[in-house]
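I would like the entire structure built from these sequences, with the hints used as guidance.
4 protein chains.
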Amino acid sequence: MNKFGRIFSISIFGESHGELIGVTIDGCPSGISINEQDFEHDLNRRKPAMNGSTPRKEDDLPEIVSGIYKGFSTGAPITILFRNKNISSLDYEEIAQKPRPGHADFVGYKKFEGFNDPRGGGHFSGRMTLALVAAGVVAKKIISPIEISSALMEAGGKKNIVKAIEEAVSNGDSIGGIVECSAKDVPIGLGEPFFDSFESVLSHLVFSIPAIKGIEFGSGFEAAKMKGAEHNDVFMDNSGKTLTNHSGGINGGITNGNDIVFRVVVKPTSSISKTQQTINLTNGELTQLAVQGRHDTCIALRIPVVLEASLAIVLADFKLMSY
Amino acid sequence: MNKFGRIFSISIFGESHGELIGVTIDGCPSGISINEQDFEHDLNRRKPAMNGSTPRKEDDLPEIVSGIYKGFSTGAPITILFRNKNISSLDYEEIAQKPRPGHADFVGYKKFEGFNDPRGGGHFSGRMTLALVAAGVVAKKIISPIEISSALMEAGGKKNIVKAIEEAVSNGDSIGGIVECSAKDVPIGLGEPFFDSFESVLSHLVFSIPAIKGIEFGSGFEAAKMKGAEHNDVFMDNSGKTLTNHSGGINGGITNGNDIVFRVVVKPTSSISKTQQTINLTNGELTQLAVQGRHDTCIALRIPVVLEASLAIVLADFKLMSY
Amino acid sequence: MNKFGRIFSISIFGESHGELIGVTIDGCPSGISINEQDFEHDLNRRKPAMNGSTPRKEDDLPEIVSGIYKGFSTGAPITILFRNKNISSLDYEEIAQKPRPGHADFVGYKKFEGFNDPRGGGHFSGRMTLALVAAGVVAKKIISPIEISSALMEAGGKKNIVKAIEEAVSNGDSIGGIVECSAKDVPIGLGEPFFDSFESVLSHLVFSIPAIKGIEFGSGFEAAKMKGAEHNDVFMDNSGKTLTNHSGGINGGITNGNDIVFRVVVKPTSSISKTQQTINLTNGELTQLAVQGRHDTCIALRIPVVLEASLAIVLADFKLMSY
Amino acid sequence: MNKFGRIFSISIFGESHGELIGVTIDGCPSGISINEQDFEHDLNRRKPAMNGSTPRKEDDLPEIVSGIYKGFSTGAPITILFRNKNISSLDYEEIAQKPRPGHADFVGYKKFEGFNDPRGGGHFSGRMTLALVAAGVVAKKIISPIEISSALMEAGGKKNIVKAIEEAVSNGDSIGGIVECSAKDVPIGLGEPFFDSFESVLSHLVFSIPAIKGIEFGSGFEAAKMKGAEHNDVFMDNSGKTLTNHSGGINGGITNGNDIVFRVVVKPTSSISKTQQTINLTNGELTQLAVQGRHDTCIALRIPVVLEASLAIVLADFKLMSY
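Residue numbers (the numbering used here), protein chains in the order written: chain A, 23 to 345; chain B, 23 to 345; chain C, 23 to 345; chain D, 23 to 345.
Rather than coming from a laboratory, the hints here were simulated on the basis of the structure. Treat each hint with caution, since some may be false.
One copy or any two copies: either way a pair holds, since identical chains are not told apart in the list.
Straight-line distance between alpha carbons at most 25 Å, and here's what the computed SDA-like set of lysine to any residue pairs gives [what the hints assert, rightly or not]: (1) K92 - G53; (2) K163 - S344; (3) K249 - P326; (4) K132 - S192; (5) K163 - G136; (6) K107 - I86; (7) K92 - R105; (8) K132 - V256; (9) K181 - A312; (10) K181 - F243.
This is how it looks when you write it as C-alpha cells:
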C-alpha cells in the first residue's frame, strides 16, 4: 500500500523515468508556513554531491500543487510534484529482459507479470526517496523543537569514506555503508505497546527505503554481548534522563525522553559497471550484463537526509496522535 | 493500535497479571481445521524450559471462544483466551513507584499518567507474546507448504549457550542473544515496493516483541563491508534461485523465491536480581532496587517460536492479499 | 474487517449461540472510571422489553477482562465478554439447509462455503449489537458533555407503536420501523471533507447493525422536494447556530455546532412464524419453512440504544482525533 | 483521511480554484489497458450539460502521470491530474468573510482556523468528484462484466425534471433530487458481516460526495411500512435469485447475487442567487449575501456518474479482496 501514517500520512507515486515523482501529505495541520524554498536545503542534501554518486543531474524543484494557500497549509492534502527532466534514452527493452542481480528488476517483472515500468527501476527506484525527503521537510516543521541529525558513519567497512569510494569507483564496483540518525528533545510517551511500538513504525518506514537491509536501536546488535546490569540505563532523576543510552531513547516501544538513536546498514548499490552473470527472462538462458548508464557507487552517501525525513515523519504522526 | 495486518489481522489484549491474555484473529479463511491440540507444540516451545527461564509456571491452555464451528474456521473472527493462573502476590504498590531500569515501567507510568497496570509489566509484558504464538499456529496452516524455522544462535556473545546462561544465573544478572529465523518455499512476489516492503511489514511486527532492539535481513550489517560484485546474488536460472542469498530472499521489498532469512538481537532481560539504582516516581529521590520475583535470565531462549509466529503471520497476510 | 475506528477503535467477536460475544476497545484514554455497573442501564435498554421482542432471556452481564485496573482504564485494550447462556437446542442441521428468506443464512453459507456457524445467525446475529452497546457506554464517557438520545418514531408505518406490534404478533408476522437519534452540544469541526465526512463514518458503523436499510441526515429525503432558499439554514450569530436544522448538524461532512440528527429505517425482522417458501441448499429443491424458536416481531424496538452507541463511538473517535 | 479503500484504494487532492485536482489510485492490478480516451465518456457525463448546471466550462482532460507504461497499468500507483483552467477572478477575500448558508464555508473556516482555501469551496468543492469519476473509470474495468447504471429519478419533487429546473432557474433558486444507481451481474459474497458490510463501505464513500444527505438500499425507507412476509424476498432457485428485490441485492451486509440497487437524496445546491442572511465572520454581525458567480441550479443532475464511480470503486475493492 503506497500510504504510510495514521494521522500525518503520506502517499507517493511516480517512476524514475516517468513524467514525475510526487507525494501527497495528508493530515498536516492548517496554519503551517510552507513555501517552495523551504525544501531547498534538504533536497540539495539528497542530491548526488561527490564522486561516488550518480551523474544524473536533476533540478528537483518542488511544485506544490495543492493544500497551500497564501503560504500556509490549509488542512487539505498537500501534493508536491517533481518533474523528471534528465531522463536517459537507453534502450530499456533490452534491459527489461536482463534483470540486474541484486536489484528489484526480477521481482518487479514477476510480481507485475511483465507490466512493470523497467526504466531506471520504475517505481522501485531510489529516486522515490525524493518524495520522502519532501514530506520530511513538512514533518520537521510540525515536530519543532525536536532536532534531527544524521550522518554516514562508515562506507565499505572503513571510516575513511572518501578513500573507500575512490577505490570502488576505480574498480567499477560499489560499496555499502552504515548511517546513524538521532533526535534530540523528544517528548516522553510516543509509541504504543502493541503493535505500533516506536521501533515498529519507524522500521516500517525505513525499510521502504531501497537498499536498507538492517536497523538497530541504541546499543543494537552489541546488546547480544552485554549483561543486563551493564545494558540497563541508570535513571539520573525524575525526568527519565539516563546516564547511558543503550535503549536508544525507547523502552517498551515508547520514547523515554532520551535521544532517539538508530543505525541502518545500506547494502552496496546493485547496479555496477563490472560485468555480471544474469538470465534472459524471455528465453531463460544465462547471459552477461554490464550495467550502463548512471548509478551511485555508494548510495549510502545520500541516505542521511532520507533517514532524517523518515524519523521526522514518524515523530510527526505520533505527535499528532498523542494529544 | 493493538491491531496488525491488512487481511489476516490480529489484535491482542490482556495483562501479565490480569485475568487473561487474548488474541482475536480476523480474516482467517473459512474451512481451516483448527482445534485446541494444534496449539500445544508451539505453546510448549514458548514455555520456560531450562535454567535461565522464569520459574513462573502456567498451563497456557488455549480456549477458543469464537470463530470455530465443528472443528473448522467459520470465516468469523477467531478469539483465543489464555487464563493467567500463577499470578504473583507481590506488593505491586511499592514496585509501581520504583521503575525498573531498562524496563517499560517508567514510560508506561508517564504515558498513561499513572493509570497503567504495573503488575508484571501489565500490557507491556513478554507474556503478551503468547497471543502472537497462538496466532502464528493459525497462520502456519494458511501458508502451508511454506516451512518456517528459528533458533537461538548465540547468548551473551557466546555459542556455548548453556554455559553463558549458567554464568549469568550465578551472577544474578541476565544476558542477550541473537535469534535467526527463516522460511523455505516462499513464493515470488510477496511484499509491496512502497511502503509495505516485506522487510517493513515483518520488522513492524517483530519490533512489537519486547526486548528486540535490531533486525537484519540476509547479509545484514555485514553488507556494509561488502562490494556490490560480492553482495549481488547470481541467478542460477529463470526460477530466480541464486547461488548466494545475501538478499535474505527479498529484493526491492518483494520476496524473490529464495529462503527468507533474518536475524534479531534480543537485549538482556532488564529485570535482574542484582541491586540497581532507580528513582522514586512519587518524590523524585534516587533509591535502590533489587527485582524480586520471577524473571528470565535469557529471554532470547523463548524468542524463536515467537519469531516463527511473526513471520507466519506476515506471510499469511501477504499470501491472502496476493490473490 | 471486524474493526472500526481510527483512534478509538473497536473489534467484535463471537456468535449468537457460541460461547460468548465480546468486544475489544482500543485507544481508550487512560484514567477513565469504568466498572461493570456502568453498563447496566444501556444493556437493559437493549434487552427485549415488551411484547414484540424475542422471548430469549439473557442476563448479559459484562465481564471486563482487560484494560481496567483499580476501576480506571489503563490505556491498554479493554475487552468485555458476554457469556451466552440461554442457547437454544434446536436442530440447526436442518435449519442450515433451509436459508430463511431475507436473512443472511444464504450469503453466509455461500461466502464461507458452508463453514459458517448457522446457529441463530452466528456472527451475523443481531445479538452482536450487544458488543456495540458496551463500547458505546465507554464512548459516552469520553464524549461528555455531549448528550445523545434516540427513539423509535414509528413501527409498521404507524405512530401507535404498541398497537402495530400487537397486530403483527397476532399475524405471526413482523414489522419495520424508523428510529431517530440525535446529539446535543457537539463541538464544531468533527469530520473530514474527503473521505471521512461525519456522515460517511457514522453511516459506515450504522450499516453494520443488522436490518438497517437506509439512513438520512437532517431533512434527509425530504430535501429532494425543497428549494435551496428553504433548505439553507440561516445563521443566527457567529456561533454557527442556525434557525432551522435541515443540515442535521453537518455541512461539508463536518459538524457545525448544531444538533446532529439522523434517522434510520429498520426493515421488518426476516424471521417470522408464517410459512414461507425457501430452497434446500443441498438438493436445490423448493421447500417450505416456518421459523421456529425465538425472534423479535419488531427489532426496531431495540435499535435506539444501539444507534446511540454508534453515534457515541464515532464522536469519541473524531474527538480523540481532533486534538 | 483523504484515502478510501483497502486493496483498491484512492486518495484525492486539489482545490476548486487551485492549480489542479488529482487522484492517486493504489492497488490497481497490473496489465489493465488504460489510456486517456477511456475517461472521456464518463467525464463528459459529469460535465454541466444543460440549463441548471454551472456555466463554468472546463475541458477536464486527464493527464495520467504515473502507473501506466505502454498503455497498461504497471501495478504502481496511478495518478491522474486535471488542471483547473477556468478559474474565477472573484474577490474571495470578501466571500471568505461571509459564509454561504448551507455550505461548508463556515465549518471550513472554523475547523482550519481561517487557513482553508475559500475559493469556490476549496477542497470541499463538488469539483473534487472529478477525481472520483476518474477512479471509477479504472474501477469499471476491473469489475467487468458487472454493469452499473444510474439515473436522476426526480428533481424538486417532480418527475418532470426539465420543467422543475427551469422554474428554479427563473427564481434564482435551486432544487434537490433523487438519484438511483444499480449494478447487474454482481457475484455472491462481497462484503463483510462486521464492520465492513457492503452498505457500510458504499455509504462511506457516497457520503463523501458533497450534497448527499441520505441513502437507502432496496426498498429503503418504504421497508418501515412493510410486513416481514411482504419484505422477505422469495428464493426462486439455488442460485439465490429472488422474485422481488427488497433487499437491494444485499443481505447481512453481503451481496446475494441479485442486482444491487440504492438511491440517494441530493439536497438543493446551497449557492443561490437569491439574497440570503448570513454573518460576518470577522465582526460577528448579521449581513446579506447574494452568491455571485457560477453555480448549479440542480447539482443532482451531475450525480449519476459520480454514484456509478462510487459503486464501481467499492465493487473493485471487494472483488480484489475476495480472492
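Hint-by-hint comparison with the structure:
Proximity of K92 to G53 under the C-alpha cut-off of 25 Å is restricted to the intra-copy arrangement: shortest distance 10 Å within a copy versus 42 Å between copies. Taking identical chains as interchangeable, the C-alpha atoms of K163 and S344 lie at most 25 Å apart whether they share a chain (17 Å) or sit on different chains (19 Å). Taking the closest pair of Cα atoms, K249 and P326 come within 25 Å of each other only across two copies (20 Å); inside a single copy the shortest separation is 31 Å, beyond that limit. For the homomeric pair K132 and S192, neither the shortest alpha-carbon distance inside one copy (34 Å) nor that between copies (54 Å) is at most 25 Å.
For the identical chains of this complex, K163 and G136 are inter-copy neighbours only, at 19 Å across copies versus 41 Å inside a copy, given an alpha-carbon limit of 25 Å. Taking the shortest Cα distances, K107 and I86 sit within 25 Å of each other both inside one copy (17 Å) and across copies (17 Å). For a Cα distance limit of 25 Å, the shortest separation of K92 from R105 qualifies both inside one copy, at 23 Å, and across copies, at 19 Å. Within a single copy, K132 and V256 get their C-alpha atoms only as close as 51 Å, which misses the 25 Å cut-off; across copies the closest is 17 Å, which meets it.
Taking the shortest alpha-carbon separations for K181 and A312, neither the intra-copy value of 29 Å nor the inter-copy value of 41 Å comes in at or below 25 Å. Taking identical chains as interchangeable, the C-alpha atoms of K181 and F243 lie at most 25 Å apart whether they share a chain (19 Å) or sit on different chains (15 Å).
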